[in-house]
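Number of protein chains: 2
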Amino acid sequence: MQKTGMLIVLSGPSGAGKGTICARLLERNPQLKLSISCTTRLPRPNETEGVDYFFKSDAEFMKMAEEGEFLEYARVFDYLYGTPRQYVKDQIKKGHDVILEIDVQGALKVKDKMDKGVFIFIVPPSMEELKRRLKKRNSEMEEQALKRFATAYLELDFIEKYNYIVVNDEVEKAVKKVECIITAERCRMERNRGMDEILKGGKSL
Amino acid sequence: MQKTGMLIVLSGPSGAGKGTICARLLERNPQLKLSISCTTRLPRPNETEGVDYFFKSDAEFMKMAEEGEFLEYARVFDYLYGTPRQYVKDQIKKGHDVILEIDVQGALKVKDKMDKGVFIFIVPPSMEELKRRLKKRNSEMEEQALKRFATAYLELDFIEKYNYIVVNDEVEKAVKKVECIITAERCRMERNRGMDEILKGGKSL
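These protein sequence lines are chains A and B, in that order. For the record, in the first sequence the residue sitting at position 186 is 180 according to our numbering, with numbers rising by one throughout. For the record, in the second sequence the residue sitting at position 73 is 67 according to our numbering, with numbers rising by one throughout.
It should be emphasised that the hints constitute simulated quantities derived from the structure, not laboratory data. Model, not experiment: these values are computed from the prediction. Any given hint might turn out to be false.
If several chains are the same, the list does not tell them apart, and a pair holds so long as it fits within one copy or across any two.
As the list claims (entries may be wrong) - Here are the simulated DSSO-like cross-link-like pairs (lysine-lysine), alpha carbons at most 27 angstroms apart as the crow flies:
| # | residue 1 | residue 2 |
| --- | --- | --- |
| 1 | K194 | K155 |
| 2 | K110 | K170 |
| 3 | K167 | K27 |
| 4 | K83 | K57 |
Bound conformation, chain A alone (with noise of 0.2 angstroms):
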């Protein structure tokens, strides 16, 4: 039976973990697909075209943008970053799964127009970790460290658009709860539909 891939969107709070499980699950299932952002920015001398970014001009994107060709978009200081949708939606019709790693903002927009995808929330297992995270991550950025902390509790308020919670207490427990909710989602009935015709007319699934 060929199925279409999902939209696997890793949403939550900065600090909560979600690029560090997102890693940890790509290195694992090499068939998931991360999903491949445009940006205005200049290519780093690492970087490759349709592999780390698709990079445009301002014109290109803004033109992209203007045409609804994004799932979402934001400017990040100087540079447009966004998620274009037609590359997903080709994933998703190749039969990949497709993985998005994005802030909660950008997660309700991405939600707006593909309301199909998997949005998971990824939680700290406390606010006080999450802080610890936060002051860690930037030692000499005290005071953007607590912004970050102070968006994490406006963004706790969206939680319930999600379809599931994990909590990244340890990373590893928290990479299983997402590929068992991959594995879950892919045997979902309405992922499913027209199964029973295909072993009603004598055919394997």
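Once you've looked at the hints, dock chain B against the given chain A.
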């Protein structure tokens, strides 16, 4: 965070392999509780009250049935078998996940009463394979095997009432899928409401 448990219903046509999957699942996950049925048949020498079955007289059983104390019940040859609602609810309240292995008719009755349960339909990889398994099981009962095979066709019509489909091509793979479904369901948003409030309140999850 003190969580309640879930009801996990393993169902599907005779010969799909739900019994084998259930046995291996329980063996490997001692925290799962098997639902214990009530029956009017007499205990066999190796059977213990409250472990294998709750043994009831016909009168006791019928009184329970009239009082709505069964999630479902059915007559099998000369005896009555039923799934006691209270036992299942008590286990769930204590935080245990309860496994119920049951035929399609029974599962549909349970769904009417406990629609927050996780309903998993086990299918064979093909009907040809199902026939082979049924014949193997009932070498001297060709007629009964054919009857079960015909029933399996009819039961496929109810597949959409379930939450998940697991194809049992290899038992080990199927058991792992069911384990993942249980893990994923524990992470589902609807089963974790209030987590944001716990975090905001400065407590640990």
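These are the hints, each one checked on the structure:
1. K194 x K155: between (38 angstroms within a copy, 17 angstroms between copies)
2. K110 x K170: both (22 angstroms within a copy, 24 angstroms between copies)
3. K167 x K27: Classified as both: same-chain Cα gap 21 angstroms, cross-chain 23 angstroms, threshold 27 angstroms.
4. K83 x K57: within (19 angstroms within a copy, 57 angstroms between copies)
Comparing the model with each numbered hint stated earlier shows that all of them hold.
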